[in-house]
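*Asks:* Below, each chain spelled out in residue letters.
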Amino acid sequence: MIDLGLIGDLYVFVLAGFLGYQVISRVSPLLHTPLMSATNAISGISLVGSLVVAGAGYNEVSTVLGFVAVTASTINVVGGFLITDRILKMFRTGK
Amino acid sequence: MQRNLLQLFYLLSAILFVMGLRGLSHPKTARRGMFRAEFGMLLAIVGTLLHHEIISYKWIAAGLVLGTLIGVPMAIWIPMTAVPQRTALSHSFGALAASLIGISEYYRHGAALGSLRVGVIGVEVMLGSLTFTGSLMAAGKLQGLIRGYPITYKGQNVFNLSILAGMLVLIAALMFIPASTAAFYSLVGLAFFFGVMLILPIGAADMPVVIALLNSYAGLTDAAMGFMLDNKIQIITGSLDGSSGFILSILMCRAMNRSITNVLFGAFGKVEEQAAGSLEAKRPIRQCSIEEAAEILGTARTAVFVPGYGMAVSQAQHRVREVADVLKNKGVTVRYGIHAVAGRMPGHMNVLLAEANVPYDELYDMDQINSQFPETDVVVVVGANDVVNPAAKRVRGSPIYGMPILEVERARVVIVCKRSLAAGFAGIDNELYYGEKTLMLFGDAKETMVKLTSALKE
Chain A
1 MIDLGLIGDL YVFVLAGFLG YQVISRVSPL LHTPLMSATN AISGISLVGS
51 LVVAGAGYNE VSTVLGFVAV TASTINVVGG FLITDRILKM FRTGK
Chain B
1 MQRNLLQLFY LLSAILFVMG LRGLSHPKTA RRGMFRAEFG MLLAIVGTLL
51 HHEIISYKWI AAGLVLGTLI GVPMAIWIPM TAVPQRTALS HSFGALAASL
101 IGISEYYRHG AALGSLRVGV IGVEVMLGSL TFTGSLMAAG KLQGLIRGYP
151 ITYKGQNVFN LSILAGMLVL IAALMFIPAS TAAFYSLVGL AFFFGVMLIL
201 PIGAADMPVV IALLNSYAGL TDAAMGFMLD NKIQIITGSL DGSSGFILSI
251 LMCRAMNRSI TNVLFGAFGK VEEQAAGSLE AKRPIRQCSI EEAAEILGTA
301 RTAVFVPGYG MAVSQAQHRV REVADVLKNK GVTVRYGIHA VAGRMPGHMN
351 VLLAEANVPY DELYDMDQIN SQFPETDVVV VVGANDVVNP AAKRVRGSPI
401 YGMPILEVER ARVVIVCKRS LAAGFAGIDN ELYYGEKTLM LFGDAKETMV
451 KLTSALKE
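Chain order of the listed sequences is A and B.
The first sequence begins at 1 in the working numbering and counts up one residue at a time.
The second sequence begins at 1 in the working numbering and counts up one residue at a time.
No lab work stands behind these hints: they were computed from the structure.
Where a beta carbon is used, it is the ideal one built from N, C-alpha and C, also for glycine.
Be aware that a few hints might be false.
Pair by pair, the computed Cβ-Cβ distance ranges are [stated by the list, open to error]: (1) A/Gly94 with B/Arg419: 24 to 32 Å; (2) A/Leu15 with B/Val65: 33 to 41 Å; (3) A/Gln22 with B/His318: 36 to 44 Å; (4) B/Glu447 with A/Val64: 49 to 57 Å; (5) A/Gly94 with B/Arg301: 13 to 21 Å; (6) B/Asp444 with A/Leu15: 47 to 55 Å; (7) A/Lys89 with B/Ser186: 44 to 52 Å; (8) B/Asn357 with A/Leu6: 29 to 37 Å; (9) A/Gly94 with B/Gln7: 41 to 49 Å.
Please model the complete structure; the sequences and the hints are all you need to start from.
*Replies:* Here you go:
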């Protein structure tokens, strides 16, 4: 049987990829480093999947794995956004 | 009903993420864009915390607090020169989270998932685990914990490709026999091992490509996690990150005139014996003193600084800007020429110079600056090597042949500030040093710049 959920997900994946290509192609080469730290930060969205696993009380193993995953993802969200802003603040014009 | 509301939160977050990335098209709009992305993240997290399956917040709170305690210092206190390794570490954290959640999913449901879902989990765990160890390796090499030069052995590519094939076979086996925990945990172990093996042969000079590539893997891992959990916001974000990393790796490869396969399997940075042997042992170079250099710079109309990784190593960016300030006071037009692969990650030099208060409108990329060299009086090369090596244009056998370079030779005078005559990371000699327009200024970049500033002020 074809899993319709997965096919729908595939649509989203491919179209988001095209959108990403269009948006990222226009990012200024000046800002390639903050671009990487920004994508690090938003990749911390893995937090949303981890939160449920850490809090749903499925079983002990899952809870511990979920806890580690929440920690790792939080590092990315918090650290990623903070350093991106720290870098972006430094870019100034001379005039 | 509540589930639909959560999905709407996620949709809004996705839109805010895209707007955030779009803001990065110009330094003026970048910060505002990132505030939007932060708001999007907040929405997604708060929405998820109201998820109906969550029964206890104990471990969640612990993870959020611990993650914040680790994340904040990593962002606030690390020096800008260490941003490449921080980025690599961040990829490994994201991949670790994805890998662990994949293991949890399999542990929880096992064979009940059916072959297709187990296949998805297999791919997710494979990507997550290999990106985890691969990124740790990259971070170790960048930090200098692991030696930066490539480690190669006979049959390396065949060996690595066999591990890759082995992992794919295990995923296929899992799809046939979803209950086989042995296959699943062998896959996890093999993927951890593969990540290490994949980065072993990669040299420090190739790090910009590899970091971008790992960025792309981290994105794909996130997307795979979204497929596994049927969570669209993760698929969208992962896909955006994946394409970002992919575009950056392509740009970096183009800047080195190499293909991604060549970076992964070519072991660039390995000292090319035949190339070294073919060069004449000692050729005359022309040295200059600080005073001479100051004299030349002080009387120039236009000067271009070309920074490289050496500037980052000696933390000389502030001192370079001080030289530039004195020159500007004397009426010299100062610009900076930046090669895309100068440094250890995409955009590395721009960030270091911005940190030293160099206005970004003085930073020029290769295409912009190359046309200006013929009208430039002096070029000062600070810690750059391969990106200004004319062998890339002239020597057919050279490992960097065909790489687009900053054509500093077309300027009237080139001052090369360098510690010694040692070869660059590509392990090849630089003809620029023996050129008739070139003056070598030996010494540590930082000290030299300090001396240059005081000599110019006299």
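*Asks:* Decide, hint by hint, whether the structure agrees.
*Replies:* Here's how the hints hold up against the structure:
no.: 1; hint: A/Gly94 with B/Arg419: 24 to 32 Å; verdict: holds, 31 Å
no.: 2; hint: A/Leu15 with B/Val65: 33 to 41 Å; verdict: holds, 37 Å
no.: 3; hint: A/Gln22 with B/His318: 36 to 44 Å; verdict: holds, 37 Å
no.: 4; hint: B/Glu447 with A/Val64: 49 to 57 Å; verdict: holds, 52 Å
no.: 5; hint: A/Gly94 with B/Arg301: 13 to 21 Å; verdict: holds, 18 Å
no.: 6; hint: B/Asp444 with A/Leu15: 47 to 55 Å; verdict: holds, 52 Å
no.: 7; hint: A/Lys89 with B/Ser186: 44 to 52 Å; verdict: holds, 47 Å
no.: 8; hint: B/Asn357 with A/Leu6: 29 to 37 Å; verdict: violated, 51 Å
no.: 9; hint: A/Gly94 with B/Gln7: 41 to 49 Å; verdict: holds, 47 Å
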